[in-house]
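Use the sequences and the hints to build the structure in full.
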Amino acid sequence: MHDKHPSRRSVLAMLSAAPVVAGTALAAPGIAEAATGRSPSSGSVPDGLRPGGAFDDLVARLAAEDRFSGTVLLEHRDRPVLERAYGMADHARGIPNESGTIFSTASVTKLFTSIAIAQLAEQGALHHHDTVGRHLDGFAPEVADAVTVHQLLTHTSGLGNYMRIGDFWREAATWDSVEEAWEGTLRYVRMDRPTLVPGSGSVYSNTGFVILGAIVARLSDMTYYDYIRTRVFAASRTTATDFYTLPRWRADRRIAHPYVKDGDEITDVIDDRQTFVGTPAGGAFATAADLARIVKTLLRGDLVGEQHLYLAMSPKTPRDPGADPAAAAEPPPPASFGNYLTISALTGGQWVLGHGGGAPGISANVHWFPDSDWFVAVLANCDDAAGEVVNAAVRHITE
1 MHDKHPSRRS
11 VLAMLSAAPV
21 VAGTALAAPG
31 IAEAATGRSP
41 SSGSVPDGLR
51 PGGAFDDLVA
61 RLAAEDRFSG
71 TVLLEHRDRP
81 VLERAYGMAD
91 HARGIPNESG
101 TIFSTASVTK
111 LFTSIAIAQL
121 AEQGALHHHD
131 TVGRHLDGFA
141 PEVADAVTVH
151 QLLTHTSGLG
161 NYMRIGDFWR
171 EAATWDSVEE
181 AWEGTLRYVR
191 MDRPTLVPGS
201 GSVYSNTGFV
211 ILGAIVARLS
221 DMTYYDYIRT
231 RVFAASRTTA
241 TDFYTLPRWR
251 ADRRIAHPYV
261 KDGDEITDVI
271 DDRQTFVGTP
281 AGGAFATAAD
291 LARIVKTLLR
301 GDLVGEQHLY
311 LAMSPKTPRD
321 PGADPAAAAE
331 PPPPASFGNY
341 LTISALTGGQ
351 WVLGHGGGAP
361 GISANVHWFP
371 DSDWFVAVLA
381 NCDDAAGEVV
391 NAAVRHITE
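So in the UniProt record's numbering, the last one in the sequence shown is 399, and the numbering has no gaps at all.
Fair warning: there could be bad hints in the mix.
Quick list of simulated restraints, FRET-style, between CB atoms [unchecked claim]:
1) Ser200 - Asp66: 40 to 50 Å
2) Asp264 - Asp57: 20 to 30 Å
3) Glu180 - Ala125: 23 to 33 Å
4) Asp384 - Glu142: 33 to 43 Å
5) Gly53 - Asp384: 18 to 28 Å
Derived EDC-like pairs: lysine to aspartate or glutamate, alpha-carbon spacing no greater than 20 Å straight-line [as the list claims (entries may be wrong)]:
6) Lys261 - Asp384
7) Lys261 - Glu388
8) Lys261 - Asp272
9) Lys261 - Glu179
10) Lys261 - Asp271
11) Lys296 - Glu306
12) Lys261 - Glu65
13) Lys296 - Asp242
14) Lys261 - Asp66
15) Lys296 - Asp66
16) Lys296 - Glu65
By construction, these hints were calculated from the structure, which means they are not laboratory data. Each residue gets a CB set at the ideal place from its N, CA and C atoms; glycine is no exception.
Okay, here's the thing in structure tokens:
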């Protein structure tokens, strides 16, 4: 896609400059060390993360206690360190989870939408200070004239969750095509109003990311889904990542069903508040290996060029410690920021970038560590399972 293909290290070196964060300069010495090879932790794999180590034992114990069902992938310098799968993808049909099992990624989908916006910005099709009304019709003036692309990406628009408006779930249950689900979702998105003055604070926003997806569709002259499939998934050479419909989810033996545990009872909730197809805010499906492919392709500069990758990855807005837990594995550390792709945090002297997501029976996290060249993906088909696993990996990598 680009004439210039920067190395991952050159991109990280750019991040050691002084990015703008809410009008102030922020130095990133840890990333600078990674770019020059000076990071003391970048060259070795901690014993605790190796097969049979403390992290491996933790995941096995959580699975044995029915507290984890899913897949875990750790990579260091593009090489697999640990890959595990536990639990059942489909209890009724006796299908176990495997390394290639496909899971709902919930809000990790926002990463794909953000990449699309970065691509369009690089092409000059949009600017981050553009208002919603510059690209889309049908929004109230307090959204169309006041909310910007920057605010949508950083969850500072004041908009919240369209799924909590009126009869959304009752109506969504009647949608039986991708087109009907898209138009129906946009109807509710247009009903949402900012609860804060745009730019004055943080509100985790599913509404905002559907708006971003609609902008992608408008500017690309493609459906949002076709754009992401072509420019993100296919460009990253993924093998199973897609926006599968609900009927496909029910039928496809490769896709894990979501389960909720209540005492000793485990319930399949695939038909509980699931829309016909996912949205730009959540609901794409992926394998752990495919998520690694997307992140590696991104960091190579094959999805977004060097300058716009720097722009997208550098910290923008300080995060509120009370932010929605779907956005991260745990409450953010003091040095935690929203950027145009993910959440970035300074933990144990290292920058950690990533995104999480959750819904009933779904838990997903993807994180990467520029300073030490680690990648972690945890995909689970049970409640609140990925966070504890990811947090343990983070501790081993950054300690």
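A quick look at each hint next to the structure:
Range check, Ser200 to Asp66: about 43 Å between beta-carbon atoms, so the 40 to 50 Å window is met. At roughly 25 Å, the beta-carbon separation of Asp264 and Asp57 lies within the given 20 to 30 Å, and the hint holds. Remark: the range hint 23 to 33 Å for Glu180 to Ala125 is upheld by a beta-carbon distance near 27 Å. Checking the proposed 33 to 43 Å range against Asp384 and Glu142 shows it holds: the Cβ atoms sit about 35 Å from each other.
Distance hint check: the CB atoms of Gly53 and Asp384 are about 24 Å apart, consistent with the given range 18 to 28 Å. For the hint linking Lys261 to Asp384, the alpha-carbon distance of about 11 Å falls within 20 Å, and the restraint holds. Taking the CA atoms of Lys261 and Glu388, the gap is about 17 Å. The hint holds against a cut of 20 Å. Between Lys261 and Asp272 the alpha-carbon distance is near 14 Å, which keeps this suggested pair within the 20 Å criterion.
Taking the CA atoms of Lys261 and Glu179, the gap is near 33 Å; set against the 20 Å cutoff, the hint is violated. With a C-alpha separation of about 16 Å, the suggested pairing of Lys261 with Asp271 holds against the 20 Å cut-off. With a C-alpha separation of about 14 Å, the suggested pair Lys296 and Glu306 falls inside the 20 Å cut-off, and the hint holds. Proximity of Lys261 to Glu65 is assessed by CA-CA distance (about 12 Å); at most 20 Å being required, the pair is judged to hold.
Restraint check: the Cα-Cα separation between Lys296 and Asp242 comes to about 18 Å, which is no more than 20 Å; the hinted pair holds. Between the alpha carbons of Lys261 and Asp66 the distance comes to roughly 9 Å, so the proposed pair stays at or under 20 Å and holds. Distance restraint check for Lys296 and Asp66: the Cα-Cα separation of roughly 32 Å exceeds the 20 Å cut-off, and the hinted pair is therefore not satisfied. Between Lys296 and Glu65 the CA atoms are separated by roughly 33 Å; this puts the pair beyond 20 Å, and the hint is violated.
The structure is inconsistent with the numbered hints 9, 15, 16, although it conforms to all the rest.
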